[in-house]
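Colleague: Each chain, written out:
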Amino acid sequence: MMLTFVIFGLLLSGSLAWFTDNKTFLGMTFHAKWFALVSVIGFALIFTFSVCLSPLSFQTLQIVTQVSWITSLNINYSLALDHLSITLIILTLFLAIICILVSWDEIQEKSGFYYFNLLATFAGIIGVFSAVDMFLFFFFWEVMLLPMTAIIAIWGHEKRYFAAIKFFIFTQVSSLLMLVAIITMAYIHQQQAGALSFSYHHWLSLELNHDITAYIMLGFFIAFAVKLPSVPLHSWLPDAHTQAPTAGSVLLAGVLLKTGAYGLIRFVIQLFPQASDNFAPFAAILGVVSILYGAKMAFAQTDFKRLVAYSSISHMGFVMLALFSFNEIAYQGAIVTIVAHGLSSAALFSLAGIIYQRIHSRNLSDMGGFWQSAPRMGGFGLAFAAAAFGLPGLANFVGEFLSLVGAFQVFPVMVILAALGLIGSAIYGMVLFQKTFQGNSIKPVQDLSSRELLVSSSLLMMLVILGLFPNLILQFFRGVIL
Amino acid sequence: MSISLETTTSVIFSAKVFIVLSPILLLSFGLVLSLLLIAWRRSQKIIALFTQLILMTTLLLTLHLLLGDILIGNGTQITPLLKVDRFSYLSFVLICFSALAVVSLSGSVLKSEIEVHDEYYLLILLVVLGAGILVVSDHFASLFLGFELLSISLVGLVGYFRDHKYAVETGFKYLILSASASSFMLLGIAFIYSQTGNLSFSVSSNVMPWSPQPLQIFNSLGILLFFSGIAFKLSLAPFHFWSPDVYQGAPTPITLLMATVSKVAMFTALIKCCFSQSYFSNENFIEIITAVALLSMLVGNVLALKQQNIKRLMAYSSIAHFGYLLIVLTVSSLHKIEFAWQGALFYLSGYLLANIAIFTVLLISEKDKDNRCVNRDIDIIDWHGMFWKNRLSALLVTFSILALAGIPLTMGFVGKFYLLNQAVLFKSWWLISGLVIGSGIGLAYYLPLIFTLFKDEATLENQVAGGGSAHLLTTGKQLFMFSLLISGLIFGIFPDLVSQFFYQ
Chain A
1 MMLTFVIFGL LLSGSLAWFT DNKTFLGMTF HAKWFALVSV IGFALIFTFS
51 VCLSPLSFQT LQIVTQVSWI TSLNINYSLA LDHLSITLII LTLFLAIICI
101 LVSWDEIQEK SGFYYFNLLA TFAGIIGVFS AVDMFLFFFF WEVMLLPMTA
151 IIAIWGHEKR YFAAIKFFIF TQVSSLLMLV AIITMAYIHQ QQAGALSFSY
201 HHWLSLELNH DITAYIMLGF FIAFAVKLPS VPLHSWLPDA HTQAPTAGSV
251 LLAGVLLKTG AYGLIRFVIQ LFPQASDNFA PFAAILGVVS ILYGAKMAFA
301 QTDFKRLVAY SSISHMGFVM LALFSFNEIA YQGAIVTIVA HGLSSAALFS
351 LAGIIYQRIH SRNLSDMGGF WQSAPRMGGF GLAFAAAAFG LPGLANFVGE
401 FLSLVGAFQV FPVMVILAAL GLIGSAIYGM VLFQKTFQGN SIKPVQDLSS
451 RELLVSSSLL MMLVILGLFP NLILQFFRGV IL
Chain B
1 MSISLETTTS VIFSAKVFIV LSPILLLSFG LVLSLLLIAW RRSQKIIALF
51 TQLILMTTLL LTLHLLLGDI LIGNGTQITP LLKVDRFSYL SFVLICFSAL
101 AVVSLSGSVL KSEIEVHDEY YLLILLVVLG AGILVVSDHF ASLFLGFELL
151 SISLVGLVGY FRDHKYAVET GFKYLILSAS ASSFMLLGIA FIYSQTGNLS
201 FSVSSNVMPW SPQPLQIFNS LGILLFFSGI AFKLSLAPFH FWSPDVYQGA
251 PTPITLLMAT VSKVAMFTAL IKCCFSQSYF SNENFIEIIT AVALLSMLVG
301 NVLALKQQNI KRLMAYSSIA HFGYLLIVLT VSSLHKIEFA WQGALFYLSG
351 YLLANIAIFT VLLISEKDKD NRCVNRDIDI IDWHGMFWKN RLSALLVTFS
401 ILALAGIPLT MGFVGKFYLL NQAVLFKSWW LISGLVIGSG IGLAYYLPLI
451 FTLFKDEATL ENQVAGGGSA HLLTTGKQLF MFSLLISGLI FGIFPDLVSQ
501 FFYQ
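The listed protein sequences correspond, in order, to chains A and B. Under the numbering used here, think of the first position of the first sequence as 1, with each following residue one higher. Under the numbering used here, think of the first position of the second sequence as 1, with each following residue one higher.
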């Protein structure tokens, strides 16, 4: 019930923010940004408290809401939570606050509609992380896509229409494949159990040993590999990230990519253990290629955001590699990488937004020597770049280390290759830092304002805490056998 | 022989038959009354109101019959010619609803001319009557009757504004092509008759010489020709060449009439015929359907990519949509027919609602342009930045286009979901890949159209404000648009509200 309240509450407060923006009631002028901020913080608190106080143990997937929706096809509105989805929802809500804070000054035009889209995206993402009826899951999967596309297309940079269309078509076509797979699974259930069912729990008990299972698994895999993204389905990502407004990039890199990883864990691996085991070598190769290719491409970029975008491809390659090695340590590594990358890429994109606001350029050649005029920004920049290349003490290190250690037992050669990616990430991380903050000062910039300081320091704090005490997350994922 | 004749005569006059057929009878009666009305007094306002009244009562009567229990069961056979069942009346509801929308929207177009337009409304009623006969027909003869009634009245309507730029061209094109389509169809029917000796749809399957065996050459030719006649009307590729020109040239309400009433009726007749004759168990027929469907999905979507004119774009997109819809003809077994009907009707209602919405906004923009004495044609660029000028119309267009693209929250998505279900059941992977690829290509023109609505008006200051500024909208129109938007949203999120009608 509480989850439904959060999802629809976000939608509703988004619409309220839209309609009340810049209107005056009782002598007070409403601003959508304040409304959005307060409501997101409120919902985040409600969610956290109700999960903490809940009597349920979320070790396994617990259904929290189930209502009949489309009776003719036996489709239910059912939501469930376990530690994985709770972790990701909390990450989403945390980054939601960051998103609103980074767009505080950036979005001046049509702000009401902007915050509506932003909040609708959050609602959709939370729905994706908690839906266990596959039709509902697909529904949310698409619902989060629409406002995200609007954010890119309306408030983005110069090539925003192209980027938005590319993003939408990639996701939509791949998700139609998933829809076909979902329908096929429902009919397999009908064959075996007599009734059509879209319920995840029902599907878990199916016996899947047909030849067709491999294709169904591929249908799911392609949809999630596009979102993750994995080479060769990644080409929407650099465009979408670069052209989106700052909050859009933060949202894309921080949470939207994680829906792909979440889908791989929950649906591909858990529903089709046999088929994904057969597929694992290919997936691992895709992961390693993504790691190396992403690192190489990141190094070659001259655009700040594009560089970070390619680095995301590289980092998500670790997740793919770790997940498909079916090993507990690697799985824990993947979870930490998911969270850590969400935080560190969000941090780097916020930094990109902060710089863009000052010099109106994302081009690295327009930057340089910012350390002299803005030392605080430089310090945070160094810390975030260090997080991205996996400096011990920060969360990314834990994730990548565990992933590689776990995967080494299964794919030793590939892990050796993947480890090269760590060197690559150090190179592009340093390039990013040097070109931005060191060298001759081209022009002085203003240092961080208190709002920007709040954003940066809270992200850094989370990175450090998770880097030093990874058990905060890991304790929930002990003994999970894939 | 004499016994069978006797039973038919007694059936004709039974009260139940009269009740079941009452919507169509009412419509015909209304037609006669409106002729009398014209003889009594020629007034634009009265005839428009009267037409709306007839359509509204027909609609309500049909709905009443559907909600009652008279239609339960296998349907009522009325003479060998007609057979009324739930599904045919459900599509008749759709037809009446879209005709009602067309009549209400026509007012603004007709007002600009000086004469009284009684014929216009009469012709629309005739189209609806033709469509009504088509959906209840159970015999090739009545099908042809309905087909011709619909086509000939539409020809009159397409070239109705004879002083318009495209009127003659469009009228001719439509006349010649629909005449050739009907001659194809007639020849096909003759071929089928030559093999079966019976023109009824519901020949029991053991009488049918072709059902289990492979089709003989005349029979397959006959079915092919019959199908191509209908494909002309549905503008399926490769019979689609007329549709963009006629869509563009016809007066906008008539374009809407063609896109909705005529297509819904033709499609219903097609599936009724195919289902009762079990064509779907014939592999050759399925191959033809698959080929035409795939071709239409690809041709429609690819050709729509570069269109600038919105009516042409809608023409191409409807080619693709009827390509998708052909999937319902691939039924895996007899007891899945019900499900196929549900899918078809749901998809059609989604398609209909989206089309009505888009054409409503199109008409408003046309009027806006007309007031400023510029060329009537509405291009995509005319809708530039509509969202920031007129939020309601822009939201309506956005929502309808998303429905056409099949995005969740809309009826289009649920319709597509039904189609995919059916294709998966039939294991027609070709059709599934066609649907996926087609929808992917479709997004490449639907999305830019939506983005145009949201573009900043500042970038093109001198562009005409084609979006239809808010002050042009009357309250009634706003209410109509608002209810279209809300009903689309509600039916899209709770499809059960619609599909409960499909169950007994």
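One thing to keep in mind: the hints can contain errors.
Below, computed lysine-lysine pairings styled on BS3-like, alpha-carbon distance capped at 25 Å [stated by the list, open to error]: (1) A:Lys110 with B:Lys306; (2) B:Lys389 with A:Lys23; (3) A:Lys159 with B:Lys45; (4) B:Lys45 with B:Lys477; (5) B:Lys369 with B:Lys165; (6) B:Lys45 with A:Lys110; (7) B:Lys367 with B:Lys165; (8) A:Lys159 with B:Lys369.
Here are a few chain B residues that face chain A, going by a calculated C-beta distance under 8 Å [said to hold, decoys possible]: (9) Tyr166; (10) Leu295; (11) Leu409; (12) Leu420.
Here's a subset of chain A near chain B, in silico, CB distances under 8 Å, partners left out [as the list claims (entries may be wrong)]: (13) Val64; (14) Val67; (15) Gln274; (16) Gly369.
Calculated directly from the structure, the hints in this document are not laboratory data. Glycine included, each C-beta is placed from N, C-alpha and C at the ideal position.
Colleague: Now tell me if each hint is right for this structure.
Modeller: Hint check:
1. A:Lys110 with B:Lys306: Judged against 25 Å, a Cα distance of about 30 Å means the pair is violated.
2. B:Lys389 with A:Lys23: holds, 18 Å
3. A:Lys159 with B:Lys45: It is violated: about 51 Å lies between the C-alpha atoms, which goes past 25 Å.
4. B:Lys45 with B:Lys477: holds, 17 Å
5. B:Lys369 with B:Lys165: holds, 16 Å
6. B:Lys45 with A:Lys110: violated, 43 Å
7. B:Lys367 with B:Lys165: holds, 17 Å
8. A:Lys159 with B:Lys369: violated, 31 Å
9. Tyr166: violated, 32 Å
10. Leu295: Nearest chain A Cβ about 20 Å off; hint violated.
11. Leu409: Status holds, d = 7 Å.
12. Leu420: With a minimum Cβ separation of about 5 Å from chain A (threshold 8 Å), the hint on Leu420 of chain B holds.
13. Val64: Given a least distance of 21 Å, the restraint on Val64 of chain A is violated.
14. Val67: violated, 12 Å
15. Gln274: Check failed: Cβ of Gln274 of chain A comes no nearer than 22 Å to chain B, outside 8 Å.
16. Gly369: violated, 35 Å
When the structure is compared with the earlier hints, violations turn up for hints 1, 3, 6, 8, 9, 10, 13, 14, 15, 16 and for no others.
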